[in-house]
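S.K.: Spelled out, the chains give:
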Amino acid sequence: MKTTFISTTVTAALLAIFVPMVANLHTYSIVITVLIWIMFGLSWNLLGGYTGQVSFGHAMFLGVGAYASMLIVNAVNLDMALTLLIGGLLAGLVSLAVGFLIFRLKGPYFALGTLAFAEIIHIVARNMKGVTNGGEGIMLMNRPTFLGIQVFNKTEYFYLALLLATLTILFCACLIRSKTGYSFIAVREDQDSAEAMGMNSTVVKSRALFVSAFLAGVAGGFYGLYNKFIDPEMTLTVHMSVEMIFVTVIGGIGTIAGPVIGSAVLISLQEYLKSLDFLQAFPSLYLIVYGLLIMLVIVYLPGGLVEGLRKIRARVKKES
Amino acid sequence: MIQTLFDGLMIGGVYAIIALGLTLIFGVMRVINMTHGEFVMIGMFTSYFMFQKMGLDPFISILITAPVCFFIGYFLYSAFVSKAQKAGEENTLLLTAGASILLVNLAALPYFLGPNFSRLTGEGLYWENRIWQIGGITFNASLLAGFFLTAALIFLLSVFLKKTDTGLAMRAAAQQPMAARIVGINVPFISGITFGLGAVFAGIAGSVLSTTYPIYASIGALFLVKAFVIVVLGGMGSIPGAALGGLVLGVTESLGATYIPGGTAYRDVFGLVIFLLVLLYRPQGLFGRRI
Amino acid sequence: MAILKVENLVKRFGGLAAVNGVSFEVGRGEILALIGPNGAGKTTCFNMIAGYMPPTEGKVIFDGKDVTGQKPYTLNKHGLARTFQVVKPLARLSVFDNVMVACLSKSRNITEARGKAIGVLERTGLASLRDTLAGSLSIGHLKRLEVARALATRPALLLMDEPMGGLTPPEVDRAIELIHDINRDGVSIVIIEHIMKAVMAVAHSIVVLQNGEPIARGKPEAVVRDDRVIRAYLGEGYAAGR
Numbered sequence: 000m001k002t003t004f005i006s007t008t009v010t011a012a013l014l015a016i017f018v019p020m021v022a023n024l025h026t027y028s029i030v031i032t033v034l035i036w037i038m039f040g041l042s043w044n045l046l047g048g049y050t051g052q053v054s055f056g057h058a059m060f061l062g063v064g065a066y067a068s069m070l071i072v073n074a075v076n077l078d079m080a081l082t083l084l085i086g087g088l089l090a091g092l093v094s095l096a097v098g099f100l101i102f103r104l105k106g107p108y109f110a111l112g113t114l115a116f117a118e119i120i121h122i123v124a125r126n127m128k129g130v131t132n133g134g135e136g137i138m139l140m141n142r143p144t145f146l147g148i149q150v151f152n153k154t155e156y157f158y159l160a161l162l163l164a165t166l167t168i169l170f171c172a173c174l175i176r177s178k179t180g181y182s183f184i185a186v187r188e189d190q191d192s193a194e195a196m197g198m199n200s201t202v203v204k205s206r207a208l209f210v211s212a213f214l215a216g217v218a219g220g221f222y223g224l225y226n227k228f229i230d231p232e233m234t235l236t237v238h239m240s241v242e243m244i245f246v247t248v249i250g251g252i253g254t255i256a257g258p259v260i261g262s263a264v265l266i267s268l269q270e271y272l273k274s275l276d277f278l279q280a281f282p283s284l285y286l287i288v289y290g291l292l293i294m295l296v297i298v299y300l301p302g303g304l305v306e307g308l309r310k311i312r313a314r315v316k317k318e319s
Numbered sequence: 000m001i002q003t004l005f006d007g008l009m010i011g012g013v014y015a016i017i018a019l020g021l022t023l024i025f026g027v028m029r030v031i032n033m034t035h036g037e038f039v040m041i042g043m044f045t046s047y048f049m050f051q052k053m054g055l056d057p058f059i060s061i062l063i064t065a066p067v068c069f070f071i072g073y074f075l076y077s078a079f080v081s082k083a084q085k086a087g088e089e090n091t092l093l094l095t096a097g098a099s100i101l102l103v104n105l106a107a108l109p110y111f112l113g114p115n116f117s118r119l120t121g122e123g124l125y126w127e128n129r130i131w132q133i134g135g136i137t138f139n140a141s142l143l144a145g146f147f148l149t150a151a152l153i154f155l156l157s158v159f160l161k162k163t164d165t166g167l168a169m170r171a172a173a174q175q176p177m178a179a180r181i182v183g184i185n186v187p188f189i190s191g192i193t194f195g196l197g198a199v200f201a202g203i204a205g206s207v208l209s210t211t212y213p214i215y216a217s218i219g220a221l222f223l224v225k226a227f228v229i230v231v232l233g234g235m236g237s238i239p240g241a242a243l244g245g246l247v248l249g250v251t252e253s254l255g256a257t258y259i260p261g262g263t264a265y266r267d268v269f270g271l272v273i274f275l276l277v278l279l280y281r282p283q284g285l286f287g288r289r290i
Numbered sequence: 000m001a002i003l004k005v006e007n008l009v010k011r012f013g014g015l016a017a018v019n020g021v022s023f024e025v026g027r028g029e030i031l032a033l034i035g036p037n038g039a040g041k042t043t044c045f046n047m048i049a050g051y052m053p054p055t056e057g058k059v060i061f062d063g064k065d066v067t068g069q070k071p072y073t074l075n076k077h078g079l080a081r082t083f084q085v086v087k088p089l090a091r092l093s094v095f096d097n098v099m100v101a102c103l104s105k106s107r108n109i110t111e112a113r114g115k116a117i118g119v120l121e122r123t124g125l126a127s128l129r130d131t132l133a134g135s136l137s138i139g140h141l142k143r144l145e146v147a148r149a150l151a152t153r154p155a156l157l158l159m160d161e162p163m164g165g166l167t168p169p170e171v172d173r174a175i176e177l178i179h180d181i182n183r184d185g186v187s188i189v190i191i192e193h194i195m196k197a198v199m200a201v202a203h204s205i206v207v208l209q210n211g212e213p214i215a216r217g218k219p220e221a222v223v224r225d226d227r228v229i230r231a232y233l234g235e236g237y238a239a240g241r
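Residue numbers (numbering that gives the first Met the number 0), protein chains in the order written: chain E, 0 to 319; chain W, 0 to 290; chain C, 0 to 241.
No lab work stands behind these hints, which were simulated from the structure alone. Every value quoted in this text rests on a predicted model; they were computed, and no experiment measured them. Any given hint could be a false lead.
Calculated pairs, SDA-like style, for lysine to any residue (alpha carbon to alpha carbon, straight line, at most 25 Å) [claimed, not checked]:
(1) E:Lys105 / W:Leu276
(2) W:Lys85 / E:Asp189
(3) E:Lys316 / C:Leu132
(4) C:Lys76 / E:Leu174
(5) E:Lys178 / C:Leu92
Chain C side only, calculated, beta carbon under 10 Å to chain E, not exhaustive [claimed, not checked]:
(6) Lys76
(7) Ala80
(8) Lys87
(9) Cys102
Heads up, the beta-carbon is just placed ideally off N, CA and C, and yes, glycines get one too.
Work out the full structure: start from the sequences and follow the hints.
M.R.: As structure tokens, then:
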């Protein structure tokens with residue numbers, strides 16, 4: 000725990016100091032995107048990686064948080080700290096309903112159930128013009144503040160993203176080592192066994208889902224406020240749900256470092272491929288690499304890049 | 000009203016063949032195949048190019064679509080799915096989701112971008128706007144032909160499964176993979192063939208639909224959802240379930256689109272809600288789990 | 000008062016009655032062995048007592064309270080623990096963490112659980128393996144871990160489902176010692192077991208099941224000589240030849 004705490008805070012501090020020195024608008028954009036996806040990945044990982052419940056519909060929690068935050072800021076310009084919190088709690092509430100209905104499903108059927116649920120919310124959002132403004136989306140109309148400080152330009156959003164991501168990492172690291180965290184892992188490893196040891200597996204899963212949804216909602220709220228615009232197609236799609244999974248799986252499912260590494264690597268890869276001249280004619284090339292990478296990781300390196308790094312380190316140690 | 004009914008039955012027939020492929024894969028290998036829609040897309044693309052380059056009628060190009068889909072499916076299974084299966088069903092779900100992204104985007108590369116949202120049309124196309132009138136009801140000719148093709152395929156599949164050795168091996172592998180191995184059935188090979196066969200059905204549906212639907216790389220998702228609803232409703236692994244479910248869905252969509260005002264937007268929601276309800280309260284669907 | 004009283008347990012799966020009217024009592028501090036040929040319904044009884052399956056008919060009374068149909072985690076809180084015939088370790092955790100997780104339900108936090116876990120590991124002779132991954136243990140150690148995890152939940156009654164399955168003779172001896180040890184601490188035990196040497200060594204009384212029904216009960220020496228029991232295990236031919 001100490002190593003995680005130190006490495007996270009030190010890295011965050013270094014980023015806070017050095018990035019503003021060298022970054023332009025484009026770099027900021029990349030870094031913030033990485034930080035947002037770190038949060039999305041960590042949230043999914045809590046339920047999928049640590050508790051073993053693979054959800055294919057996590058975008059719905061992201062979406063609830065995003066829409067809640069946008070609507071609240073537009074309506075009463077509440078401070079971001081409160082807004083994001085409310086967005087997260089609303090997402091958590093939705094998760095309670097989802098869990099109540101869907102936790103009786105096991106394994107891949109749970110995944111399909113969450114997928115169906117999320118798609119229903121997606122379609123409803125597209126059509127409920129009164130609340131969500133349908134396909135036209137919602138534009139940010141006010142200038143929000145975070146704890147009183149105005150957050151408007153890229154640099155300010157960067158600091159906030161860095162803060163939120165760091166808090167999320169530390170929170171997850173703490174949670175995993177707590178009594179609750181171990182109950183998640185026990186249910187993942189063997190649900191019957193966990194029940195025999197006194198754990199109510201449904202309660203444990205619901206807890207994991209709630210926290211996971213909360214984090215997704217908070218990150219979703221930030222995502223919306225940062226982009227200053229949201230619509231159903233950028234928040235509630237299967238694509239978003241799936242990306243949350245893959246960022247974690249490629250990085251290393253069931254680890255704290257996984258979503259961090261996965262997000263950094265994938266977003267950077269995407270940027271790199273976009274910038275290569277001869278690949279300009281193939282905008283879908285990134286996705287081809289992405290799809291192939293997922294397949295290769297699942298078959299040959301199920302522990303993701305984290306496992307890969309571990310193996311390399313072990314081999315290096317052997318040589319010396 | 001009768002017209003709407005028959006319209007629904009026609010499209011339902013094609014849905015049925017897509018669902019058939021999916022239920023076959025699930026029934027034999029317990030794999031939830033997220034790439035299934037992409038094979039429909041591959042069928043459409045193949046027929047499109049065969050027509051553009053060689054003037055081949057889409058129904059005839061099925062002779063090409065079928066092997067193409069079979070080999071891609073077989074390869075996908077042998078090289079990837081079989082290996083991922085060891086780690087569990089969710090793992091294969093993730094794997095096929097990744098494969099789906101790969102296939103969609105391969106098809107979206109500029110070279111393949113040919114169809115670009117158009118249907119398969121052109122001079123000399125037999126099916127171009129062709130309508131057959133039977134007893135006062137208007138039929139889209141390609142869909143009607145497709146309906147009969149589907150019926151024939153279902154019949155052939157049933158015969159294949161009951162009367163041939165390979166079919167028997169498939170059923171054995173579905174019910175008891177361990178026992179099947181022990182009696183000498185090459186289960187990985189049979190599974191690969193099953194996966195390929197499922198892909199073939201999806202591809203044939205694609206060829207049939209190529210003159211009716213706009214063709215684009217990500218159209219697979221549309222059919223995947225429909226296939227899932229049908230398979231869950233009819234019972235995973237059940238052939239009559241897939242057939243009946245396909246017809247039911249086709250008719251429901253047709254009637255719903257015609258008679259429910261403003262229903263089109265929420266139409267997909269109905270299907271999804273049914274899907275969830277069945278999954279939660281009658282997971283074995285109408286006809287249970289076995290082939 | 001008996002710590003466990005099972006009244007007329009019945010479990011039907013469709014038309015088949017896997018368990019058909021089983022009743023018995025376990026006194027405090029007693030070790031009761033549940034034996035019988037395969038398919039007699041022994042594990043099904045356990046599943047009903049421990050809350051994995053609700054009985055079709057019948058009652059389970061634990062420590063004077065009717066607990067029929069309650070969930071495993073509720074029963075565990077009241078002091079009932081069980082081991083599984085096919086072991087269920089938390090494979091990706093270390094032996095220490097496996098036991099620590101089991102201690103969690105009766106501890107306030109991780110630190111307290113950690114302290115208790117050390118004690119349990121010593122008791123069950125697993126201390127030297129504390130950092131090994133549970134998934135890589137041999138069957139003998141896995142069975143021991145199963146018992147350790149059950150013990151860690153501080154049960155008053157321990158249900159053991161074939162704890163000696165797959166053990167070598169010296170391992171069986173050590174397991175017998177462990178069972179005696181646990182019993183000396185006041186834990187009542189119901190044990191399903193096929194290895195007669197172990198059954199005779201630990202049981203205070205035996206209940207014999209065949210086809211879901213009890214066919215004999217009583218002190219070990221008497222049950223083992225019972226004609227019906229011999230017939231059930233060794234067949235009519237053997238019994239006739241005696």
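S.K.: Work down the list of hints and note, for each, if the structure agrees.
M.R.: Evaluated hints:
1. E:Lys105 / W:Leu276: holds (15 Å)
2. W:Lys85 / E:Asp189: holds (17 Å)
3. E:Lys316 / C:Leu132: holds (21 Å)
4. C:Lys76 / E:Leu174: It holds: about 24 Å lies between the C-alpha atoms, which stays within 25 Å.
5. E:Lys178 / C:Leu92: Distance ~15 Å between E:Lys178 and C:Leu92 Cα, so the pair holds.
6. Lys76: Nearest chain E Cβ about 6 Å off; hint holds.
7. Ala80: Holds. Min distance 7 Å.
8. Lys87: holds (4 Å)
9. Cys102: holds (9 Å)
In the structure shown, no violation is registered for any of the earlier numbered hints.
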